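Chain Y is fixed; fit chain A onto it per the hints.
First to last, the protein sequences are chains Y and A.
First residue of the first sequence? That's 1 in my numbering, and the numbers climb one at a time after it.
First residue of the second sequence? That's 1001 in my numbering, and the numbers climb one at a time after it.
Note that these hints are calculated values from the structure, not bench results.
Given the structure is predicted, the values throughout are model-derived calculations rather than measurements.
For every residue, glycine included, the Cβ atom is placed at its ideal position computed from N, Cα and C.
Keep in mind that the hints are not guaranteed to be accurate.
A few chain Y residues facing chain A, derived, Cβ under 8 Å [as the list claims (entries may be wrong)]:
| id | residue |
| --- | --- |
| 1 | Glu166 |
| 2 | Glu310 |
| 3 | Asp347 |
In silico lysine-lysine, DSSO-like type, Cα no more than 27 Å apart, as pairs [what the hints assert, rightly or not]:
| id | chain 1 | residue 1 | chain 2 | residue 2 |
| --- | --- | --- | --- | --- |
| 4 | A | Lys1013 | A | Lys1077 |
| 5 | A | Lys1117 | Y | Lys396 |
| 6 | Y | Lys390 | A | Lys1013 |
| 7 | A | Lys1077 | A | Lys1117 |
| 8 | A | Lys1121 | A | Lys1013 |
| 9 | Y | Lys390 | A | Lys1022 |
Here are a few chain Y residues that sit away from chain A, every Cβ distance over 10 Å (derived from the structure) [unchecked claim]:
| id | residue |
| --- | --- |
| 10 | Thr13 |
| 11 | Val51 |
| 12 | Pro64 |
| 13 | Ala165 |
| 14 | Lys169 |
| 15 | Leu170 |
| 16 | Lys226 |
| 17 | Phe229 |
| 18 | Gly232 |
| 19 | Ser263 |
| 20 | Asp365 |
| 21 | Glu366 |
| 22 | Glu372 |
| 23 | Lys373 |
| 24 | Arg383 |
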Amino acid sequence: MTSMNVYLDNSATTRVDPAVVEAMLPFFTERFGNPSSIHSKGVEAREAVEVAREQVAKLINAKPSEIIFTSGGTESDNLAIAGAARAAHSADSSKNAVVCSNVEHPAVLNTCKDLAASGFSFSEAKVSPNGVLEVAEAQSNISSKTAVASIMLANNEIGSIQPVAEVAKLCHEQGVLMHTDAVQATGKIPIDVRKLDVDLLSLASHKFHGPKGVGALYLREGVKIKPIFGGGGQERGLRSGTENVPGIIGLGAAAQIARENLSVDIAHMERLRDKLIDNLVVLPRAFLNGSHDQRLPNNANFRFLGLEGEALITLLDGDGICASTGSACSSKKLRASHVLTALGLADWEAHGSLRLTLSRFTTQDEVDYAIEKIPAAVSTLRRMSPVWAKLERGEKIEDVKDGHVH
Amino acid sequence: MATYTEKVMEHFKNPKNMGEMKDADGKGEVGNPSCGDLMTVYIKVKDGRIADISFQTFGCVAAVATSSMVTELARGKTLDEAMKLTREDVAESLGGLPPIKLHCSNLAADALHEAIKDYRKKTDEA
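Just chain Y, with the same shape it has in the complex (with noise of 0.2 Å):
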């Protein structure tokens, strides 16, 4: 075969669907007014933002007035944790906790960390080997001193798909706000607020083929929160700052389409990334990362020891391909993933992971591709490796924690 372009790293960002380009262009040129000025030019972007709150509503199936723009999904979480439980803590001293899985993504992690430094106590509830989190954790985590809890709608590296619904019914019956990050799950699996019970769920525009730069928070009616920074009191004085327009049309035109495709969607990307898995871990000590049934249809994630991620990830784009990785050596940190550690798995064996997510656009050709080329790279990283020669002597790896030696 010769060589592709294939992009398999949709959970970092997606390419933007054409029509949402179209849709967002003259918001740029002509129709670039600011929705808060009385003049027609700015009545027509207020207009515009309004349709896109419809869109972005219907959506995940709340009100438009349960919508604010933010800049994205780290600033929907920051706004929902620290908003929520600020406002939740002033209205009721007792509230002073918050709870989070131990496998969020960082813009929640590090808001409950921000929270836990000043003053709230803070605490995780760990997912089982399969990424999931049983419901029971989350129960001896929340309590009635807890303002907010976040539980991610599905993760960023392995997809898992968490008991949302289930952990909200456990926090309302202690009046506990519940948060969940929804920024991979939109646009992969039906999202119903109404269903999750959620007070609070943020979204990210690019995940589902908007622009960078916007995404939106749902703030149940009557729920009370904080805004993070001050200013000219824009979406109901919750996010001052002046209307990303174009953005938040993209981000509603993308809604739209994500909405009107999703079941089509859904079976696409199940069928391909089925395919992945089925031809992958059949590879020699070749893991998938995560539950298989609960798990968006987008994401695989194996880990192949005696490899390390970083190294493949470089081999695999010489190839044309795009993917990502959990290991330590190319976030920039010496660690390995902190959410495949909490799967279970030695340093060692994280850090031959592997991340392929697809998209609406993600084609037959190029899986096939990725399923070619894949095993030779693996080979040719395991050739060099005293890892994988110790693995076939049948030698133990010993995880030496915290065992940095250089």
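Okay, now just chain A, sitting in the frame of chain Y:
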């Protein structure tokens, strides 16, 4: 992903002297698989010089490239000269490494030094 020099990529894609040496006179293994890198350097010594050298490496692009480079730098050198090869020598020969990756060049030089020490220990005992 870190940005690597062409030289690093060259050594990563076509590593020199890669593979286990069954009849090595000295063997040095450094690193820790938990940190994502383990290197083994094998040497054959003749008349006080490194007559043959090879490596095996589990690790990132920089770990592979520095291993390959250290074998190239050490080949033909006397044991004393090879002991003086430093991490800076390895990194410089590759046209530099991203700061986060400098530890990899440390490991490659260390593995070479360990192999020499192993050889000396064996010959002292003999």
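To see whether the hints hold, each was checked on the structure:
1. Glu166: This interface hint is violated because 35 Å lies over the 8 Å limit.
2. Glu310: Status holds, d = 4 Å.
3. Asp347: holds, 4 Å
4. Lys1013/A x Lys1077/A: With a Cα-Cα distance of about 25 Å, the restraint between lysine 1013/A and lysine 1077/A holds, given a limit of 27 Å.
5. Lys1117/A x Lys396/Y: Distance of about 25 Å is within 27 Å: holds.
6. Lys390/Y x Lys1013/A: Satisfied, since the Cα-Cα distance of roughly 23 Å is no more than 27 Å.
7. Lys1077/A x Lys1117/A: Holds: lysine 1077/A and lysine 1117/A sit about 15 Å apart, inside 27 Å.
8. Lys1121/A x Lys1013/A: violated, 34 Å
9. Lys390/Y x Lys1022/A: With Cα atoms ~14 Å apart, lysine 390/Y and lysine 1022/A stay inside 27 Å; holds.
10. Thr13: holds, 15 Å
11. Val51: holds, 39 Å
12. Pro64: At roughly 41 Å from the nearest Cβ of chain A, proline 64/Y sits farther out than 10 Å, so the non-interface label holds.
13. Ala165: Alanine 165/Y clear of chain A: closest Cβ-Cβ about 37 Å, beyond 10 Å.
14. Lys169: holds, 39 Å
15. Leu170: Non-interface label stands for leucine 170/Y: nearest chain A Cβ at 36 Å, farther than 10 Å.
16. Lys226: holds, 37 Å
17. Phe229: Its Cβ never comes within 10 Å of chain A, the nearest being 32 Å, so this holds.
18. Gly232: With a cut-off of 10 Å, glycine 232/Y remains clear of chain A, as the shortest Cβ separation is near 39 Å.
19. Ser263: Per Cβ check, serine 263/Y is outside 10 Å of chain A; nearest 35 Å; holds.
20. Asp365: Aspartate 365/Y is indeed farther than 10 Å from all Cβ atoms of chain A, at 25 Å.
21. Glu366: Its Cβ never comes within 10 Å of chain A, the nearest being 20 Å, so this holds.
22. Glu372: It holds; glutamate 372/Y is separated from chain A by about 19 Å at its closest Cβ, greater than 10 Å.
23. Lys373: Lysine 373/Y clear of chain A: closest Cβ-Cβ about 14 Å, beyond 10 Å.
24. Arg383: With a cut-off of 10 Å, arginine 383/Y comes too close to chain A, as the shortest Cβ separation is near 8 Å.
Of the hints listed earlier, those the structure fails to meet are numbers 1, 8 and 24, in rising order.
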